[in-house]
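All you need for the working numbering is the position in the sequence shown, starting with 1, plus 6.
In short, the hints are calculated from the structure, not lab data. In this text, a Cβ means the ideal position worked out from N, Cα and C, and glycines have one as well. Wrong hints could be hidden among the right ones.
Within a straight-line C-alpha distance of at most 27 angstroms, the following computed DSSO-like cross-link-like pairs (lysine-lysine) qualify [to be verified]:
(1) LYS79 to LYS89
(2) LYS75 to LYS89
(3) LYS117 to LYS106
Derived CB-CB ranges, DEER-like [what the hints assert, rightly or not]:
(4) LYS75 to ALA139: 17 to 27 angstroms
(5) THR125 to GLY74: 15 to 25 angstroms
(6) SER44 to GLU118: 31 to 41 angstroms
(7) LYS117 to GLY54: 20 to 30 angstroms
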Amino acid sequence: MRIYIVGCAKTGTWLLTRLFYAFEDFFLIDCVDERPLSEIINCYPPTGYHAVMKRTWDEIFSCFDAYGKHEEKRQEVHDHNIKLVYTHRNRGEVMASMLKATLADPTPADKELITEAHTVRYDACIQQAEQYADLLTVS
Numbered sequence: 007m008r009i010y011i012v013g014c015a016k017t018g019t020w021l022l023t024r025l026f027y028a029f030e031d032f033f034l035i036d037c038v039d040e041r042p043l044s045e046i047i048n049c050y051p052p053t054g055y056h057a058v059m060k061r062t063w064d065e066i067f068s069c070f071d072a073y074g075k076h077e078e079k080r081q082e083v084h085d086h087n088i089k090l091v092y093t094h095r096n097r098g099e100v101m102a103s104m105l106k107a108t109l110a111d112p113t114p115a116d117k118e119l120i121t122e123a124h125t126v127r128y129d130a131c132i133q134q135a136e137q138y139a140d141l142l143t144v145s
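From just these sequences and the hints, can you work out the full model?
And the structure:
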């Protein structure tokens, strides 16, 4: 089995990816860098193991619309029997994490700008979760 971890930024995708280390039959491809969908498609884990990777920022579940290739990527996930594990966290917690990660001491204007930008990202991710709902395993 091949598992691709997806979700909005700051929702726990890295935490979930690292949790797979606790299981002997999971083969983490990389626990430092994100990987494109093509790498999990072309990954063949050792017999008896399941491959796990985290998506790159510009793949499915990003605000960048995967460069207009959602249907193509959706078909690839389906054709290659890749399991999408989707992490979700409420908007308020995501926005608080974004602010902490972005600036040490943001001004009110910075907070507003950052929150507005990340709200767009969060909403795009939620919309994609609806588009991919039939392919998702939610954590």
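Status of the hints after comparison with the structure:
no. : hint                                : in the structure
1   : LYS79 to LYS89                      : 13 angstroms, holds
2   : LYS75 to LYS89                      : 18 angstroms, holds
3   : LYS117 to LYS106                    : 10 angstroms, holds
4   : LYS75 to ALA139: 17 to 27 angstroms : 18 angstroms, holds
5   : THR125 to GLY74: 15 to 25 angstroms : 22 angstroms, holds
6   : SER44 to GLU118: 31 to 41 angstroms : 38 angstroms, holds
7   : LYS117 to GLY54: 20 to 30 angstroms : 49 angstroms, violated
Of the numbered hints listed earlier, the single one contradicted by the structure is hint 7.
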